[in-house]
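Asks: Residue numbers (my numbering), protein chains in the order written: chain A, 1 to 378; chain B, 1 to 378.
Check before you lean on any hint, since a few could be wrong.
To be verified - Computed list of lysine-lysine pairs in PhoX-like fashion (alpha-carbon distance at most 25 Å, straight line):
#1 B/K110 - A/K333
#2 A/K311 - B/K88
#3 B/K333 - A/K88
#4 B/K88 - A/K333
#5 A/K110 - B/K340
#6 A/K88 - B/K269
#7 B/K88 - A/K340
Everything labelled a hint here was simulated from the structure, so no lab data went into it.
There are 2 protein chains.
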Amino acid sequence: MRFIIQRDRLVHSVQEVMKAVTSRTTIPILTGIKITAVEDGVTLTGSDSDISIQSFIPIEEEENEIVEIKQSGSIVLNARFFGDIVRKLPMDTVDIEVLNGFQTIIRSGKAEFNLNGLDAEEYPHLPIIEEDQTFKLPADLLKTLIRQTVFAVSTSETRPILTGVNLKVEDDELICIATDSHRLAMRKAKIDNKVVGSYSVVIPGKSLNELSKLLDDTNELIEMVITENQVLFKAKNLLFFSRLLEGNYPDTSRLIPNESKTSITVHSKDFLQAIDRASLLAKEGKNNVVKLTTLVGGVIEVSSNTPEIGKVSEELQAESIEGEELKISFSAKFVMDALKALEGTDITINFTGAMRPFIIRSLHDDTMLQLILPVRTY
Amino acid sequence: MRFIIQRDRLVHSVQEVMKAVTSRTTIPILTGIKITAVEDGVTLTGSDSDISIQSFIPIEEEENEIVEIKQSGSIVLNARFFGDIVRKLPMDTVDIEVLNGFQTIIRSGKAEFNLNGLDAEEYPHLPIIEEDQTFKLPADLLKTLIRQTVFAVSTSETRPILTGVNLKVEDDELICIATDSHRLAMRKAKIDNKVVGSYSVVIPGKSLNELSKLLDDTNELIEMVITENQVLFKAKNLLFFSRLLEGNYPDTSRLIPNESKTSITVHSKDFLQAIDRASLLAKEGKNNVVKLTTLVGGVIEVSSNTPEIGKVSEELQAESIEGEELKISFSAKFVMDALKALEGTDITINFTGAMRPFIIRSLHDDTMLQLILPVRTY
Chain A
1 MRFIIQRDRL VHSVQEVMKA VTSRTTIPIL TGIKITAVED GVTLTGSDSD
51 ISIQSFIPIE EEENEIVEIK QSGSIVLNAR FFGDIVRKLP MDTVDIEVLN
101 GFQTIIRSGK AEFNLNGLDA EEYPHLPIIE EDQTFKLPAD LLKTLIRQTV
151 FAVSTSETRP ILTGVNLKVE DDELICIATD SHRLAMRKAK IDNKVVGSYS
201 VVIPGKSLNE LSKLLDDTNE LIEMVITENQ VLFKAKNLLF FSRLLEGNYP
251 DTSRLIPNES KTSITVHSKD FLQAIDRASL LAKEGKNNVV KLTTLVGGVI
301 EVSSNTPEIG KVSEELQAES IEGEELKISF SAKFVMDALK ALEGTDITIN
351 FTGAMRPFII RSLHDDTMLQ LILPVRTY
Chain B
1 MRFIIQRDRL VHSVQEVMKA VTSRTTIPIL TGIKITAVED GVTLTGSDSD
51 ISIQSFIPIE EEENEIVEIK QSGSIVLNAR FFGDIVRKLP MDTVDIEVLN
101 GFQTIIRSGK AEFNLNGLDA EEYPHLPIIE EDQTFKLPAD LLKTLIRQTV
151 FAVSTSETRP ILTGVNLKVE DDELICIATD SHRLAMRKAK IDNKVVGSYS
201 VVIPGKSLNE LSKLLDDTNE LIEMVITENQ VLFKAKNLLF FSRLLEGNYP
251 DTSRLIPNES KTSITVHSKD FLQAIDRASL LAKEGKNNVV KLTTLVGGVI
301 EVSSNTPEIG KVSEELQAES IEGEELKISF SAKFVMDALK ALEGTDITIN
351 FTGAMRPFII RSLHDDTMLQ LILPVRTY
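Chain A extracted, bound-state conformation:
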């Protein structure tokens, strides 16, 4: 194998596939990046066996030569060393050559690295995905779907299925749900091309976080392919594979109350900041619990009290308060997470009593829903 490549393109692709590489692997070859040069270009692959990322660098793009392939072939190079080296090379082009054995020479200017490689034949094969059922989403919408749900996945391995986001496709609608059993985030979106049949899979939250970092905020269409135990996201020159979580995702639809006893509409940013302040004196441990009380005249009070530190209270004018009076306590963190995920300037919160889950929605957007369980303090 030998090719000469533009350094910045190589650096970019190495950074992409590095997101799948971990040094904490029990499979030594997965600490490496697989590099394959063929006639069309160079492919880099990184994997931690849960996530696999493949980045392709074509020999030319918009009539600019990016890679000159001298001899096709493949090699696996230690990801950390290779990444550090290409980032710090002195010139704009890099010459990479595999000698006999797996010795690899990396030349740029007067700097010459001789790196011990590994046999690319030993590198695990990527999952084979049959592409009979695919659908497409713009990259920015996909990033938004992830951002608005993934924060609510469970971080505990007690119920592994809850560490993932449930992704359902029904006709022309995509539904993403995440819950850690104390709160739930849901977001729906229309998909353009109608899908035959329906899917319900669970994608690990970690995979979606990594995917989100790789996607640009553009309307470039990302193709999704779902199989029994893998999902594949295809962008231009980039393939992102993730394993799926096994098991049945709980039916969350019956958790969501239909009725409402108290309904508060409030300016999202003011409410968020008041809760943030009230939580300052409630930070000991993880129970950063704040209390919300409805007062007369459409005013709500946000407060907290930790006797050994002090107490805080703040009054806030709501847009409207309808229904019964209410005193309720909740995790400030959960409500702040939910408010940050909802993009609306005004939000409506529907309560069905101090002991029952409550729902936060954007006033003008019904594609998103955040559900939170209160904390019992009375």
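With chain A fixed as given, assemble chain B onto it according to the hints.
Replies: Chain B in isolation, oriented as in the chain A frame:
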């Protein structure tokens, strides 16, 4: 005590004194910030008993009212909570009032915090500094002196005296020296006002790092006052106290060789980058050792070799090589630290053999010197 203050000025002063506050203290009251309001303004104090910082906010500045003192007095408030609170308050002004006992009310807009304070009488007194001998340095020069030496202090407590920077004043010259016994950094500077007598004190490296963060890159004159066991730096509205390290600093003058067997002049940035690249494959453990070899034609080779990973070599055209041929090995980190501290574009390195310390100087500036001990590999 009660005063109304501009929030941004309070936030700024809290951030300054917070640099001295640590949560890991055995003296509970030192987790707090002492706030004192008198007729002239408000003083905040933070301390970890090694470093003490006092920040003063005058009632007015350039005819703008900053503080309105309603009632003088003092209180100690938990630094973390108080810092978080003032940073997140909703309005531009803050009303702070101590009620009977040590209950403190912090009001801003409709937010009201009630924080448990501590008795300011219990807060340790700051050192009393007699100001018979003082001298002044511009803030930017003081920052440079710190930056060019403090990185070379020892991080090991084996010889505590080496964790500080030796600061000597003789007539109109200030000399800063730091060494961890493997390398040494020295910087001299003229001071304007002549000092009677001579000083030699050792200031903890940690103190200087914190001081450096507080100083602006301006030519504002900073006044230094040295006493037997304390040093005080005085800036506008800011006092910075540090204890001094006890003991005699070693005489380092005899470590610095006068003769030279090989002298290399090279472009600093090219040399730094070549060493950085050579060190990439030598990073295992702390022995990131690289080798320098003089070749014919004024060329130097920088290389390293770690058999299990690979090897790297790079040739570099020196401006000049004078004297004997040389092969020497050294810590890439130490040489890179030294090159970053020296600001010159061209540097001269004087060697007296592969086993002896070598000296790096800026070609056109003799106020700085960096000495490094080589590593024996032959």
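Asks: Next step is simple, just say for each hint if it's right about the structure.
Replies: Hints, one by one, checked against the model:
1. B/K110 - A/K333: Holds, at roughly 22 Å.
2. A/K311 - B/K88: Within the cut-off at roughly 15 Å; holds.
3. B/K333 - A/K88: It holds: about 16 Å lies between the C-alpha atoms, which stays within 25 Å.
4. B/K88 - A/K333: holds (16 Å)
5. A/K110 - B/K340: Holds, at about 22 Å.
6. A/K88 - B/K269: holds (13 Å)
7. B/K88 - A/K340: Distance ~17 Å between B/K88 and A/K340 Cα, so the pair holds.
Every hint, counting from the list given before, is met by this structure.
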